[in-house]
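Chemist: Chain residues, written in single-letter form:
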Amino acid sequence: MTLVLSQLFTGISIGAVLLLIALGLSLTFGQMNVINMAHGELIAAGAYTVYVLQKVLSGAGLSLLIALPVAFVVAGLLGVLIEVLLIRRLYARPLDTLLVTWGVSLILQQVFRDVFGAPNVQTRAPSALTGSIHVTDDLVISSSRVFILVLALVAVAALTAGLRTTPLGRRIRAVVQNRDLAAVSGLATGRVDRLTFFIGSGLAGIAGVALTLVGPIGPTMGTNLIVNAFLVVVVGGIGQLKGTVIVAFTLGIVQSMVEYTTTVSVASVIVFVVIVAFLQWRPQGLFTLRTRSLA
Amino acid sequence: MFRIPGRRSAAIVAAVAAFATLTACGAKTTDSATTSGAGATIDTSGSSVKVGLLNSLSGTMAISEVTVRDSLKLAIDEINAAGGVLGKQIAPVSEDGGSDWPTFAEKAQKLISQDKVAAVFGCWTSASRKAVKPVFEKNKSLLFYPVQYEGLEQSPYIFYTGATTNQQIVPGLDYLKAQGKTSLYLVGSDYVFPRTANKIIKAYAEANGMKVLGEDYAPLGSTEFSTIVNKVKASGAAAVFNTLNGDSNVAFFKEYKSAGLTAASMPVVSVSIAEEEVKSIGTQYLAGQLTAWNYYQTTPGAANEKFVKAYKAKYGADKPTSDPMEAAYTSVYLWKAMVEKAGSFEVEKVKAASAAGGITYDAPEGKVTVDGATQHIFKTARIGKVGDDGLITEVWNSGEPIKPDPFLKGYPWATGLS
Amino acid sequence: MTTLQDPVIAPDPTIQPATRRFGAGTGSRAVIGFGLAAVALFGLAPVVLGDFRLGLLAKYLCLAIVAVGIGLAWGRGGMLTLGQGVFFGLGGYAMAMHLKLTDAGPGQLPDFMQLYGQLDTLPWWWKPFASPAFALAATVLLPMLVALLLGLLIFRRRVRGAYFAILSQALCAALAIFLIGQQGTTGGTNGLTDIQGFFGYDLNDPLNRRTVYFVVAAALLAVLGIAWQLMRSRYGELLVAVRDGEERVRFLGYDPANVKLVAYVVAAGMAGLAGALFVPAVGIISPAMIGVVPSIEFVIGVAVGGRAGLVGPALGAIAVAWARTALSERLPSAWTYFEGLLFILPVVFLPGGLASLAVLLRRRTAKKEVAA
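Chains as they are written, first to last, in the working numbering: chain A, 1 to 295; chain B, 296 to 713; chain C, 714 to 1085.
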């Protein structure tokens, strides 16, 4: 029983990491149709922010807390730069954004390599986040995973609230649901796009900060993670936050359970088969926004 | 739905196909005598001789291979400053393998046939070595491979300056056995080295009364280890033998500590964690864990002091030196020794000089000797412990250099492995 | 109108609508084009290039064969196939398995199986590949079969656009990880290497390597011929119609799923053929050629050359592969910057690819003539 519980928590924590990465994508990909392959490098930018801040600040805990907003801004600005220079020209060609941002990701990787060196860099975690919490005598969960889970849930709550209640949120939803109508109604769609992209990229930066607690910090740290994160958004249903949340946790739990009983390579194949089968049942993902459009 | 193709276009396709068949048949030769000549041409005209440096400078493997390229360059600079080899300066030609095996093969061919290099130094992963091996054999050109590997290979055109299994994994197991550890859990990246290493470990365990409680592989570059660490923990093994590579180690050790496992409760012996990796993982996760190598930055001796000092002067005081970097550095000097003994850059003569025996070099890891028969080198095995300062200090060594035995022929328990 | 669940790809102004004439050319122009290509590939290249560069060109031509298929599926059909690595890999492995078995000799196991798999007998699924006829057929038919099954599932349920692209990417990742996991029978990360012979021809012989080049070049011409026929047929027009307005085609009484399926399956077959030829040309096939990265790299050549034409994708693939080699040889530690720019600049600023440059130039000269 303890084993099942601890494995369940492992699944939830894998899901939380996926969710943090997918959250930014659910904005840039889900709401704006931009397939941003450089999302992984925005994550790396967030992680490197922690590294740089720790060079300046001594306390590991303090620097981590400060890194959260700083990484959000750094990755967000980087994202806006990409949007203004390149993606803005590609809104009519969503698939092309994939190729262009792939090129951006190659360049950013080389920039990281030239600035911070090719090997991985080290960050220190506050000692409270390197240990574990004893729930019962046998059931031990890691405190860094709990932190990531809380962070992911807070980010989801903030994003949901922001989209529902703030004027900016309403504008984002208006542009997403009907760009032309929003434009004729007097919304500066270009500005809204830029802000959406800023938030989506900034969330990648936050994911990067969280990942320093559990993974390596290096030029290619993001590339391994984003294909699964894209799958989460696709299966969750584009344009739907709740779908992303549910699918991220489900996928995490399925992955960890299958992996526990078989091997990693079998697990990844099974997860793929499950996803294709799922899309047979709901080709538009778990939740869909109903519109009356054809095509 | 299809329109029947016009007669003319059908004729074109037919003509093309016919042409293809003709050319294919026309050139049939089963005689391969044209290649079996003196071997690769080496450009020795002029005052310098070219050597190739083949490392991944981009892609996922760049994190490890860039430092190897750096120490190769250091050795070349030193040799050049001291007058070069046979009176010629060494001109390095660097190529990027891009962490992609077919690219390694392409670049190896380019170095040999376009640049006409005297030897190539580099490669890291076994997969990249396997990809270039036929290229070097086909062209009869030399590769110096500087990384510990899984053994079971002996190409006449490759010199292996890293450890083979009996110089690293077997001593690691001997050490664990001496410490009274009777059960193991095996964790590795999913590629040739860990899978082969684990086979050897299982054979050793069976012969020595140790139990292997589990075996898990993660894809190269994988950074999600919570499930694997859960399995390790549940197994209650006395120690973990870790053959993970690169990035994965960082994630594994962060997870390991989070799960409440420590070096005291369940020590991990790692064979791919050197000073460079310690630096990127952090001592807060690694302190007290064990490693098995042939060289550490702290290895005593004048040769090492000189190497460490020169490396830091060239690349920065905060840059550590590690086993693969040392093996790469040593490989250049060994090549120099062979060339000087042969009195020629010609591949077959260089090989003959090494086969005759007696090629030695006072390396940072201690005196190394080339074993002419296997083209591996005698190396001293060293078990180290990660300290709080990020350096690895030796806790045990084999006393004398171990004779390389890539096919483990000298170990009765290993029969049937190769 | 742009909607949420399905981004409509606005027809690109720089991509001309397909008419009988565009891309495929009229009959006589096509004959001249094929003739020129044949002269360049069979006459010029072997004379001008040394053995090493000719070998590289053979590799580029393999990539060009994949590109022709992508041009058909993506440029004409609007399906961004990011999973071509899978089909390339299936073709490559089918060919390499046969060649490894031939190298090992009858009744023997391939070297890596003895070393890493410690198998006594050949796994059952390797056995049919001992037959050259089966292996050759499998290089093309196996990818087509997989594409057919996958396409039936995906297109019938109207999964398209970005969904389709991400799904094909995930397929690549899953297959690569799976192959790596089965080291004893697939060679794992190493893949199948050290291939010595090609149907009785010794690949160590430079003359035979030249022959391999000629076979690849002939295959490219044949593939171009097939694509040309498909593009100028009624089917080709239907495919473009599906790309530009899938629902309209459905209302006209066609099933767009079938139309897309044909292009997808043909593209998969071409990728399989390319993979099969890649093996003797390069001497290795490994999971590194299957994953997400190479699959994206296949597509970029098509985007650079001009996705909707016939020769654009092939020329683009060759040009990009050549540029990668040239840049990485000259600037081994900084060439990634240029590679990144290679992805960005043509796609952003020249969406029709290099092929549209010719059209632009022609228009400009025409304008000048009018002005004068």
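It should be emphasised that the hints constitute simulated quantities derived from the structure, not laboratory data.
It cannot be assumed that every hint is accurate.
Each computed SDA-like pair below joins lysine to any residue, with the alpha-carbon atoms no more than 25 angstroms apart [claimed, not checked]:
#	chain 1	residue 1	chain 2	residue 2
1	B	K497	C	G897
2	B	K614	A	R124
3	B	K528	A	K55
4	B	K680	B	D666
5	B	K497	A	K55
6	B	K497	C	T898
7	B	K506	C	L828
8	B	K411	C	N917
9	B	K435	C	D915
10	B	K383	C	E1042
11	B	K631	B	Q449
12	A	K55	B	V388
13	B	K345	C	T898
Nothing here was measured: the structure is a model prediction, and the numbers come from that model.
Chemist: Against each hint, give a clear statement of whether it holds in the structure.
Modeler: Hints, verified against the model:
{"no.": "1", "hint": "K497/B to G897/C", "result": "16 angstroms, holds"}
{"no.": "2", "hint": "K614/B to R124/A", "result": "18 angstroms, holds"}
{"no.": "3", "hint": "K528/B to K55/A", "result": "34 angstroms, violated"}
{"no.": "4", "hint": "K680/B to D666/B", "result": "29 angstroms, violated"}
{"no.": "5", "hint": "K497/B to K55/A", "result": "44 angstroms, violated"}
{"no.": "6", "hint": "K497/B to T898/C", "result": "20 angstroms, holds"}
{"no.": "7", "hint": "K506/B to L828/C", "result": "24 angstroms, holds"}
{"no.": "8", "hint": "K411/B to N917/C", "result": "18 angstroms, holds"}
{"no.": "9", "hint": "K435/B to D915/C", "result": "16 angstroms, holds"}
{"no.": "10", "hint": "K383/B to E1042/C", "result": "24 angstroms, holds"}
{"no.": "11", "hint": "K631/B to Q449/B", "result": "21 angstroms, holds"}
{"no.": "12", "hint": "K55/A to V388/B", "result": "36 angstroms, violated"}
{"no.": "13", "hint": "K345/B to T898/C", "result": "40 angstroms, violated"}
Figure legend: structure checked against the earlier numbered hints; hints not met, in rising order: 3, 4, 5, 12 and 13.
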